[in-house]
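**Q** Given next are the chains, with one letter for each unit.
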Amino acid sequence: MPWSLLYENLEQTVAVILFGIGFSILLLQRNLIRKIIGLNIMDTAVYLFLASMGYISGRKAPIVVDGVTEVTAYINPIPAGLVLTGIVVSVSFTAIMLALTVRLYRRYHTLDIDEIAMLARGEDA
Amino acid sequence: MTLVHNFPFFSILLCMAAGIFTSVFKARVSKILTLMVVGTVLVLSALTLRLTLQLEDAYPFIMGHFPAPWGNEIRIGRLEALMATGFSAVMFISLIAGFRHAESFVSEQKFNLYCIMVDLALAAVLVLIFTNDLFTVYVFIEIMTIASCALVVVRQNGHTLVAITRYMIMHLFGSGLLLMGIAMLYGITGHLLMVPLKEAVQQIVETGNHLGPLTVVIALITAGLAIKSAMFPFHGWAPDTYAFAPPVSAAILSGIISKAYIFVLIKFFYRVIGLEVIISQQITQFLFVCGVAGMIIGSIMAISQRDIRRMIAYSSVAQIGYIYMGLGIGTRAGVEAALFQMLVHAAVKSLLFLSTYELINVSGDRKRFHYLHGAGYRNVPAGIVFTLAAMSMVGIPFTGGFIVKLNLAISGIAIGGWVRVMVLLALALSTLLNSVYFLHTVVSIYRKPAEDHIYPETPKMPAYAGVTLFVSMLLVVYLGIGSEPILRVIETGLKTFS
Amino acid sequence: MEGLLLLIAILLPAVGSLLVMFLPWVNENRNNRCIFVGAVMVLECIVVLLVALSGEQTLVLFEMTKDLPIALRSDGTSRVFSAVMALMWTISGFYSFGYMKHEQNEKSYYAFYLMTLASLIALTLSGTMVTMYLFFEMMTFISMPMVLHSRSKEAVAAGIKYLIYSVAGATMGLLGIFMLTPNISSTFFVAGGSLMTDQLTLPLAAMQAVILITLIGFGTKAGMFPMHGWLPTAHPVAPSPASAVLSGVITKAGVLCIFRMIFYVVGPDFIRGTWVQWTLLACATITVFMGSMLALREKQIKKRLAYSSVSQVSYVLCGVFILDTMALEGAFLQIVFHALTKDALFLCAGAIILKAGISRVDEMQNLGKRMPWTMWMFTICAISLVGIPPLGGFIAKWHIAEGALTSGTQVFSWLVPTVLLVSAMLTAGYLLPPSVSAFFGGMAQTESPAIREDAKDPGLLMLVPIGILTLAIIILGAFPSIMIENFDNVINTLLKGAL
Amino acid sequence: MILALAVALPIVAGALLPAFRFEKARRDLYMMTSAVLASTLTFYALIADQPAINIISLNHFLDITLKLDDLGKVFAGIIALLWPVSLLYATDYMKGHGKQTSFFSFFLMSYGVTLGIAMSGNLLTLYVFYEIMSLSTLPLVMHGGSAKSIKAGLKYLYYSLGGSAFAFIGLVYLVYYGGTTEFVPGGLFQGVSLTHSAQLRLGYVLCFLGFSVKAAVFPVHGWLPEAAVAPTPVTALLHAVAVVKSGVFAILRVTYFSFGVTMLRDSYAQYVPLALSAFTIVYGCTMALKEKHLKRRLAYSTISNLSYIIFGAMLLTPHGLAAGLMHLVFHALMKITLFLITGVLNERAHIYDVGEMRGIGRQLPLLAALFTLGSLAMTGLPPLIGFISKWYLAGAAAQVGGTLPILGIVALLISALLTGIYLMVPAVTMYTRPSKLAAWQPVETNFSVLLAGLSALILALSLYSAPLLNFLNNTARGAV
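Protein sequences, first through last, are from chains A, B, C and D. According to the working numbering, the first sequence is numbered sequentially starting from 13. According to the working numbering, the second sequence is numbered sequentially starting from 2. According to the working numbering, the third sequence is numbered sequentially starting from 30. According to the working numbering, the fourth sequence is numbered sequentially starting from 507.
So that you can see chain A by itself, here it is in the shape it has in the complex:
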C-alpha cells in the first residue's frame, strides 16, 4: 500500500489511530474512569470516520434550502445523522457508566475494576 493513501485519507487514518488508542485504553486500563475516557475516544474516532465519509466537498448541507433544486447538490444526510445519533448514544452511555462508577465507588471506595470484582466476590450473591 503506497504511503500516499495514508495522507490522502488523513481523516480516516487519524480515526483508525484514535480508535486504536481508545480501544487499548478500554481494554488495558483498570481504572473505571480511564476506561470510560477510552470508550469516548473510541467513539469519537468512529464519528470522525463517519463524518469524513459522509462529506463530499463542494456540496451543501441538506438543511440549506435556498436555491437548491437537485438532490445532487446536497451531501447525503445519513452519515451526519448517524454521527449525531452516535453522539447522543455516547453521551447517554457515558452518563450511565459514570453513574455506575459512582455507585461502585460509594460501595467499594476504589475505582479499580479488578479490585472491585474481588471485593464483590466476597459478598453474598
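By construction, these hints were calculated from the structure, which means they are not laboratory data. Any given hint could be a false lead.
Pairs of lysine-lysine, DSSO-like flavour, derived with a Cα cap of 30 Å [as the list claims (entries may be wrong)]:
id	chain 1	residue 1	chain 2	residue 2
1	D	K654	B	K449
2	D	K796	D	K661
3	D	K796	C	K190
4	D	K798	D	K661
5	C	K398	C	K328
6	D	K605	B	K449
7	D	K796	C	K182
8	B	K27	B	K111
9	D	K601	D	K661
10	C	K328	C	K130
11	D	K601	D	K798
12	C	K136	C	K182
13	D	K796	D	K654
14	C	K130	C	K485
15	D	K657	B	K449
16	B	K496	B	K199
17	B	K449	D	K661
18	D	K601	D	K530
19	C	K136	C	K485
20	C	K182	D	K798
21	D	K657	D	K798
22	D	K796	D	K657
23	C	K190	C	K328
24	D	K530	B	K449
25	D	K605	D	K654
26	D	K654	D	K798
27	B	K461	B	K27
28	C	K182	C	K328
29	C	K190	D	K798
30	D	K654	D	K530
31	B	K461	D	K605
32	C	K136	C	K190
33	D	K601	B	K449
Please build the complex by placing chains B, C and D on the supplied structure of chain A, with the hints as guidance.
**A** Just chains B, C and D now, with coordinates in the frame of chain A:
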C-alpha cells in the same frame, strides 16, 4: 393495504408510546399498562403472522414519506412476524410470571421506570426484527443495550454492579465495532438501506474493488454482534449479568435480547452481504468453530458452578453455541435450525430462570445446590416446569430441544467431511454434558434436604404465575411436537429473505 | 416297551434317594433306612445286570429341541461300565451301613449316595454327547455333598476346589461338544466314531486342538495331568466309603467320557499317529509317574490312596490312548481291577481310621495284630495294585504294556512300559511298607502309640464287603478270560475301522 | 388401538397413583388391576395381530408409531409376563420402605414405557420411549435416597443419556440416508446399490455404541453394578430384564430392521460389536467372580449374559439371531428368579454378601433349592434352558466360522465355567453350616409361591420349549 399491514408499525409505536406515558404513572398502573402493551403486541404480531402466511412474499412498510433509498422503511415477512410473535409471547409469559419478583428489587416509586425499560426493550427488539435499515439497526441496538442495562441494574447489589460494568464495557466495545463496520460499509457502498446495499455489495464482489474493506466490514459487524450476543469466546460478561439480574430481566436478556442481536446478524448475512459471500469469506467457519467450542466449554463451565443461576447462565452460553453452530454450518438448513433454536431457547431459558427463582425462593433465597434439596416438593409446579425445561435442554423427545438437535444434526450430516463429524460429536457431547448438569439439578431439587437446613415459610406462588409457567411449558412441548408448521414458516420465510 | 429297563435303572436309585430324603418311614429310623437303601442298591444291581445281559437298547427320554435329544442307549461300553459301577457302589454302600453309624447326617449322605449312583448309571447309559454332558455335570453337583459331608472348613474348601475343577473340565468338554456337533454325522454315539473328516468346518489343526482340549477336560474327572489338582484334596475329606467310590468309581466316569469321545464320536483313526495322541500319551504317562511319586511322599493314608488313584487311573488312560486292541483289553481290565482294588483299599483305610484312630501310614506299626482281617485284605489288594502275579493288577498291566510294545506308537511304545514298570515299583514302595510295618512292626517292636486302646477289626457289615472285593480280585485275577472275551467283543466294534 | 391402550394404561395409572392417596390394600389392588389389564391387552395383541397405530407425527418423516411385529412380540411377551409378577413381589417387598407411592407410580409408568419400546414401529418411537425410560426409571434407582443411591442414579442417568446421544446420531444417519426410521425386516437399504455404505457403517457403529450403554457392553457398562443399590424389584426387573434388554432389543432393531444385515456383514461394523460383546462375556464373568456382594455379582453376571444375546445377534445369521432371542427370553426368566430370591434374602435375612449365605439351605430350604436351580440353569446344565440358548449360540457361531465367532465360542465356554463357579459356589455354601445365626424374619408365602412359579416355568420350558423355539426361529428368519 389493510389494517393488518400496519400492525408491526403499530406495535413498535405502541411500545415506545407506552414507554413515554408510563413515566408519569404509578407503579401499579404502569405494571398493568406494560402487561397490556406486551399482550397487545403479542396479538398484533400473531395477526401479522397470519397475514404474512397468506401473502406470497414479504412487504415493505414505508415510514415517513421518502421511499428507499432515502427514507426509512421496515420489511414484514413470515420470518420476522414469527420471531416477533415468539419473542413477544416469551416476554409476555416472563412478565406475568416474574413481574412480582422485580417488585422486590425496585422501590415502589421507581417501578414505572422499570416498566419503561421493558417497553423500550421490546420496542427495540421489534424494530431490530423488522427494520430494513442499518442505521436504524445501530440506533435500536444502542437503545436495547441501555434498556437492558437498566433492567439488570435495578438490583442494588455489588455483584450486579460489577457484572453490569463488565456488561457495559463489552457492549460499548461491541457497539463501537458495529458502528465502525456500518461506517465502512457506507464508505464503500454509499448506502445504509439493505436492499440497495445488497446490490452494491454484489457489485463489489463482481468487480473485485474494495473486497478487502468488505472483509473488514463483515468481520467488524460480526464481531460486534457476536460480543453483544455472548458468543463464545466473547461471553465473559454474560454469566454474571444473567445470574445476578432480577429473574425477569435475566429471562428477557438471555431469552430475547441476545437472540435479537443474532437475528440482526442473520439479516446482515442474508439481506446485506449474501450468504455465498459470507461463506467465501470463511466467516461461517469461524462461527462454526466458536459455536462448537461454546457448546462444549459453556457446558463444562456450567457443570463447575455451585450457584444454580450461574449454571443456567453458562448454559445460555452453550445454547447460543448451538445457534452459532447452525449458522456456521452455512447451509439454509443450518440457519433454519439455528432460527428454530432461537425460538426454543427463548422459551426454555425464560422458563428456567423463572422456575429457578421460584425454587430459590422456597429455599430461603439460597442458591447453592445443597440448599435446593427438596425444593421440587416445596413448590411443585416450579419443580415440574424446571424438570421439563431441563429435559428440553438435554433434548429429550417431545420437547423443542429434541427437534433442534435433530435439525442441526441433519443439516450437519448433509455437509459431510469434518463438519459432519464435528456437528455430530458436538451434539452428542453437549447432550451428555447438558444431562450432567441439568438433570443433576433436577435430581437435586427432588432430593431429601439435609436435616439441619431450615426453610422459612415463604408466601405461596400465586396461582396465575403457576398457570403461566404451565402454559409456557405447553409451549415448549408444542415446539417439540408441532414443530413442522413452525419450521415450514422459517423455511419459506428464509427463502424470501434476500 | 423297549428301553424301559434303562429308565428304571436310572429312576430306581433316584426315586430311592428322594424317598430317603422325604419318606418318614425311611428317614426316621436308622435300620429301616439301611434296609431300604440296601434293597434299592441290590435291586439296582439286578436291573443293571439285566441291562448288561440284554441286547442293545435305545430310549429317547425327551427332546430339548428337535436336534437336541436326551437319549439313553446301552451299548457294549455302557454295559461294562454300568455293571462295574453298580456293583462297586453297592458293595461300598453296604460297608457304609457299618461305617456311617459314626457320622452325622446319614440321611443326606444316603440320599446323595443313591442320587450319585443314578447320575453315574445315567452317564454310562448316555446315548448322545449332550446327554453325557448333562449327566457328567449332574454327577459333579450331586457328588458335591458327599465331599462336603463333614461341613468342616476344610471340606468346604475341598468341595469348592472339586467344583471348580470339575466345571472347568466339563466346560472344556463342552467346547468339544460345541465344535464337534456340526461335524458329526450322527447325534447318537456310533462305535468307531462319526466324524466327517472330509468336510470339517474347522481347519484340521484347530479341530485336533479342540479334541485335545476336550479330552483333557474330561480327563479332569479321571485325575489326569494337568487337571489333577482337585483329586488329592477332595477325596480324602469325604467319609471313607464315599472316598472309596469317588476314587474307585467316579474317576472311571472321566475315563468313560474320554472313551466315548475317542471311540464313539471322533473315531480312533482321526487321532492315531497325530500330535494329539502323543500329547495325550505324554499327559497320561506323566500322570502315572507323578501320581506315584506324590503318593510316595504323602503320609496320610487316604491322601496316599488318592494320589495312587491319580496314577492308576492314568494306566487306564495310557491303555486307551495307545489305541490298540491289546492295550484296550488292558485298559478294561485295569478299570475293573483298579475299581475293585482301590475300593477295597479305601474301605480298609476307613476301617483303620475308624477303629484304630490313626490316619497316617507311619503310625501303623504292629496294627496287624489288632486288625488282622483288615490288614490281610489290605495287603492282598496292595499286591494286586502293585501288579504282582497272579493277582488282577498284573494281568491288566501286562496287557497294557504288551499293547504298547506292539502298537508302533514310536517313542511311547517303550516309554509306556518303562513308566509302568517304574510306577509299579513306586507303588510297591508306597503300599507295601504300611503292610510290612503293620505285620512286622518295622523299626519298632511295640505297637504304635497312636493306635487306639480298643482297636480291633470292624464288624461284619464292614468286613464282608471288603472281603467280597478281595475275593473278586483273586478270582478274577485267576480267571481273567471270562472278562477278556466280553471285552474283545466291545473292542472289536470300536477298532473295526483300524483292524 | 389395543397397543396404544396397553402402553397408555400403566403410564396413566402410574401418573394418577399419587393423586388417589390410597391405603395399602386398595393401592395394591389398583396397581395389580392396571398391570394385569395391560398385560392382558398385550397378550391379546400377541395372539391377535393388531394394526399399526400412528400416535403423533413430529414432522413429515418422523412419526410416533406403535406396531407389534414378531420381534416385538418376543420382548413384549416377556415384559407382560414378568411385570405383574414383579409388581406382586414388590408390593410385599416394599412393606416398611418409605415413599412407596412415588416408587410404585414410577414402577407402573416404566411398565408402559417398556411396552412402548417393545411395540415401537420405528426407530424414533423406540428412541423416544428409550429416553423416557431412562428418566422414568431414574427415581426407582435413587429410591433409597442415600448418597450412594443418588450417585448410582446419576451415573445411570449420565450413562444412559450419553448413550442415547450417540444412538441419536444413528437415528439422524437413518433419517438422512434412508428418509425414514421405519422398521423394515432386512433393513432400509436392502436391494439398493449403496454408495454411502462407509458412512452408514460409521453411523451404525455409533448407534450400536449408544444403545450398548443400556445393554451394558464393556466400555460403557459401569452403571449397572452401581445400580444394584436400587430396591430389589427394580434390580430384578429393570436391571436384569426391562432396561437392559431394551438396550439389547434396540440393538437388534437397528441391526436387523434399520441398517440391515447385508450392509453390515463382513465389515468392521460387524466385527467391532462382535469383539466387544465377546470380550464383555468374559469380562462380566470375571468381575462377577471377584465381587462378593451378591446383587452386584448378579449384576455383573447380567452384563456377561446380555453380551451373549448381542454376540448371537451380531453373527448376523438367522441362527445367531434366534439363539440370541432364546437367550433373551431365558436369561430374563433365570436372572429375575435369582434376583428376586436375593431380594428376599436381603430383606428378610439381611444377607448381602456371598459369604453370609451359609446355612440358608436349612433355614429356607425352598428358596435355597430354587436358587440352586436358577444357578444350574444359568451355568448351562442340560436340559435346563440356559443350556439350550448356549447350545444354539455356539452352534450358530460355529456355523459362521472365522476368528471372532470361534473366539466367541471360547468366550461362551469360559463364561459358562466362571458362571459355574460364581453361582454354584454360593449355591453350595448355602448348604453348609452357618457361621452365625442370622436374624431371620418370616418369609411370606407370597414370595415362595411366586418364586416357585417362576422356577416351575423355567423347568417347564427346559422340558418343552419347542413352540417357543419355533416361534423364535421364524422370527429370526423373518428378520434377516
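**Q** All the hints need checking, so say for each whether the structure fits it.
**A** These are the hints, each one checked on the structure:
A C-alpha spacing of about 13 Å is found between K654/D and K449/B, which places the hinted pair at or below 30 Å, so the restraint holds. Simply put, K796/D and K661/D have alpha-carbon atoms about 22 Å apart, close enough for the 30 Å limit, and the pair holds. For a cut-off of 30 Å, the pair hint linking K796/D to K190/C stands: about 16 Å separates their Cα positions. Distance check on the hinted pair: K798/D and K661/D sit about 21 Å apart at the alpha-carbon level, within 30 Å; holds.
Simply put, K398/C and K328/C have alpha-carbon atoms about 21 Å apart, close enough for the 30 Å limit, and the pair holds. In summary, the hint linking K605/D to K449/B is supported, as the alpha carbons are separated by about 11 Å, within the 30 Å threshold. Taking the CA atoms of K796/D and K182/C, the gap is about 21 Å. The hint holds against a cut of 30 Å. A hinted pair counts as satisfied when its Cα atoms are at most 30 Å apart, and K27/B with K111/B qualifies at roughly 9 Å.
Among the hinted pairs, K601/D with K661/D is consistent with the structure: their alpha-carbon atoms are about 27 Å apart, no more than 30 Å. At roughly 27 Å between alpha-carbon atoms, K328/C and K130/C fall within 30 Å of each other, so this suggested pair holds. The suggested pairing of K601/D with K798/D holds, with an alpha-carbon distance near 27 Å, which does not exceed 30 Å. For the hint pairing K136/C with K182/C, the CA-to-CA distance comes to about 21 Å; that is within 30 Å, so the pair holds.
The straight-line distance between the Cα atoms of K796/D and K654/D is roughly 21 Å, inside the 30 Å bound, and the hint therefore holds. For the given pair, K130/C sits about 16 Å from K485/C by alpha-carbon distance, which is consistent with the 30 Å threshold. Simply put, K657/D and K449/B have alpha-carbon atoms about 14 Å apart, close enough for the 30 Å limit, and the pair holds. About 16 Å separates the Cα atoms of K496/B and K199/B, which keeps this hinted pair within 30 Å; it holds.
For the proposed pair K449/B and K661/D, the alpha carbon gap of about 18 Å is at most 30 Å, so the pair holds. Distance hint between K601/D and K530/D is fulfilled; the C-alpha atoms sit about 9 Å from each other, no more than 30 Å. The hinted pair formed by K136/C and K485/C meets the criterion: a straight-line CA distance of about 27 Å does not exceed 30 Å. Our distance criterion of 30 Å between C-alpha atoms is met by K182/C and K798/D, whose separation comes to about 19 Å.
Note on K657/D and K798/D: the hinted pairing holds, with a Cα-Cα distance of about 21 Å set against a maximum of 30 Å. The suggested pairing of K796/D with K657/D holds, with an alpha-carbon distance near 22 Å, which does not exceed 30 Å. Under the criterion of a C-alpha separation no larger than 30 Å, the hint pairing K190/C with K328/C is consistent with the structure, at around 21 Å. Annotation: proposed proximity of K530/D to K449/B holds, straight-line Cα distance about 23 Å (limit 30 Å).
Between the alpha carbons of K605/D and K654/D the distance comes to roughly 17 Å, so the proposed pair stays at or under 30 Å and holds. At most 30 Å may separate the alpha-carbon atoms for a hinted pair to count; K654/D and K798/D meet this at roughly 18 Å. Using a Cα cut-off of 30 Å, the hinted pair K461/B and K27/B holds, with the two alpha carbons roughly 26 Å apart. With a C-alpha separation of about 21 Å, the suggested pair K182/C and K328/C falls inside the 30 Å cut-off, and the hint holds.
Of the pairs offered as hints, the one joining K190/C and K798/D holds, with about 18 Å between alpha carbons and a cut-off of 30 Å not exceeded. A distance of roughly 28 Å separates the Cα atoms of K654/D and K530/D; the hinted pair therefore holds under the 30 Å criterion. Between K461/B and K605/D, the direct Cα distance comes to roughly 24 Å. Compliance with the 30 Å bound is thereby established for this hinted pair. Restraint check: the Cα-Cα separation between K136/C and K190/C comes to about 24 Å, which is no more than 30 Å; the hinted pair holds.
In summary, the hint linking K601/D to K449/B is supported, as the alpha carbons are separated by about 20 Å, within the 30 Å threshold.
The earlier numbered hints are all upheld by this structure, with none contradicted.
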